[in-house]
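Just so you know, the sequences run in chain order C and P. Position in the first sequence counted from 1, then plus 6, gives you my numbering. Position in the second sequence counted from 1, then plus 9, gives you my numbering.
In short, the hints are calculated from the structure, not lab data. All C-beta atoms in this analysis are idealised placements derived from N, C-alpha and C, irrespective of residue type, glycine included. Mixed in with the good hints there might be a few duds.
[Unchecked claim] Stretches of chain C that chain P covers, calculated by requiring three or more beta carbons in the stretch to come under 8 angstroms of a beta carbon on chain P:
| # | region |
| --- | --- |
| 1 | 58-70 |
| 2 | 79-91 |
[Said to hold, decoys possible] No more than 27 angstroms apart at the CA atoms, straight line, and that leaves these computed lysine-lysine pairs for DSS-like:
| # | chain 1 | residue 1 | chain 2 | residue 2 |
| --- | --- | --- | --- | --- |
| 3 | P | K77 | P | K66 |
| 4 | P | K31 | P | K77 |
| 5 | P | K31 | P | K66 |
| 6 | P | K67 | P | K77 |
| 7 | P | K67 | P | K80 |
| 8 | P | K51 | P | K77 |
| 9 | P | K66 | C | K32 |
| 10 | P | K51 | P | K66 |
| 11 | P | K51 | C | K19 |
| 12 | P | K77 | C | K32 |
| 13 | P | K80 | P | K31 |
| 14 | P | K80 | C | K32 |
[Stated by the list, open to error] Examples of chain P residues lying across from chain C (beta carbon under 10 angstroms, computed):
| # | residue |
| --- | --- |
| 15 | V13 |
| 16 | N40 |
| 17 | C99 |
Take a look at the letters that make up each chain.
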Amino acid sequence: DAGVTQSPTHLIKTRGQQVTLRCSPKSGHDTVSWYQQALGQGPQFIFQYYEEEERQRGNFPDRFSGHQFPNYSSELNVNALLLGDSALYLCASSLAEGQPQHFGDGTRLSIL
Amino acid sequence: GENVEQHPSTLSVQEGDSAVIKCTYSDSASNYFPWYKQELGKRPQLIIDIRSNVGEKKDQRIAVTLNKTAKHFSLHITETQPEDSAVYFCAVLPPGRRALTFGSGTRLQVQP
C-alpha cells in the first residue's frame, strides 16, 4: 500500500521563475493538504483540496495556487518565486476532513 | 486563529529516562490533537493522536494526555532509546478548520 508520494524530491530555481510540485495521496485518501516548512519551524498550512476544489486556504499570497485531479492527485504551483519561498513543501493526505493526515517526504525547493 | 505553543524547544535525556513535551492551545473548541515525529530530512510521521472526548491514550512507550480545562496536552515517552532522537511537533485541528496548526517543535536528543 503506497503512502503519500511527492515529486520532485529536490528543486533549484531562481527568483522570478515558476515551479510545479506534485503529490499522489495515500491509497483510499481523497483529501490533499499542502504545507510549507521553513528550516527549524513547524509546517504552515497553504491550502487543502477535496473533490477537485480548494476548500480552505492559509495565509499565503495568490502566487501560490493548486489543483486536484479526478484521481485525487494534486499539484502546487508557485509563481514569481522569491528567496523566501525556499522551504520544504509537504503534501498530506487524509481519508476525510478531520481524519489523521499522513505526510509525504516533501519537495526541497531552493531559490537562488 | 488558533495559537499553539510548544515547550521545551530542546530536550536532552539519558537513554532509559522519560521525556515529556507539552503544548498549549487557545481555542477551547479544538477537538483533534496529533503528534508527529520528524527525523532529519524525513517526513513528519504521525506517532499518536487523541480526540477531545478522551483524556489519555497510550501506545507502547508513547502516551498522550489531554487537559481540556487547561487547554494543554502532553506527549510522554518512557524508556527512551537513541532512535527516539528527532524533532517532535504537536498539532491542533481547530473547529471548522480543515488544516492542522502546528507547534514550533521540540528537538529531543537521547544520549546513549
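Checklist entry - Given the hinted pair K31(P) and K66(P), is their alpha-carbon gap at most 27 angstroms? => result 15 angstroms, holds
Item to check | Satisfaction of hint between K77(P) and K31(P), Cα-Cα up to 27 angstroms | outcome: Holds, at about 13 angstroms.
Checklist entry - How about C99(P): closest beta carbon in chain C under 10 angstroms, or not? => result 9 angstroms, holds
Checklist entry - At a Cβ distance under 8 angstroms, does chain P reach at least three residues of the region 58-70 of chain C? => result Answer holds; 3 residues pass the 8 angstroms Cβ test.
Checklist entry - Are the Cα positions of K77(P) and K32(C) separated by 27 angstroms at most? => result Outside the cut-off at roughly 32 angstroms; violated.
Checklist entry - Is it true that the CA of K51(P) sits at most 27 angstroms from the CA of K19(C)? => result 22 angstroms, holds
Item to check | Hint validity - V13(P) Cβ closer than 10 angstroms to any chain C Cβ | outcome: Holds, about 8 angstroms.
Item to check | Outcome, coverage hint (the region 79-91 of chain C, chain P; C-beta under 8 angstroms; three residues) | outcome: violated (count 0)
Next on the checklist: For K67(P) and K77(P), compute the direct alpha-carbon distance and say whether it is at most 27 angstroms.
Outcome noted: With Cα atoms ~18 angstroms apart, K67(P) and K77(P) stay inside 27 angstroms; holds.
Checklist entry - Keeping to a limit of 27 angstroms between CA atoms, is the pair of K67(P) and K80(P) held or broken? => result Holds, at roughly 19 angstroms.
Checklist entry - Would the hint on N40(P) stand, with a C-beta cut-off of 10 angstroms toward chain C? => result 8 angstroms, holds
Checklist entry - Has the given pair, K66(P) with K32(C), been kept, meaning a C-alpha gap of at most 27 angstroms? => result 25 angstroms, holds
Hints 2, 8, 12, 14, counting from the list given before, are not met by this structure.
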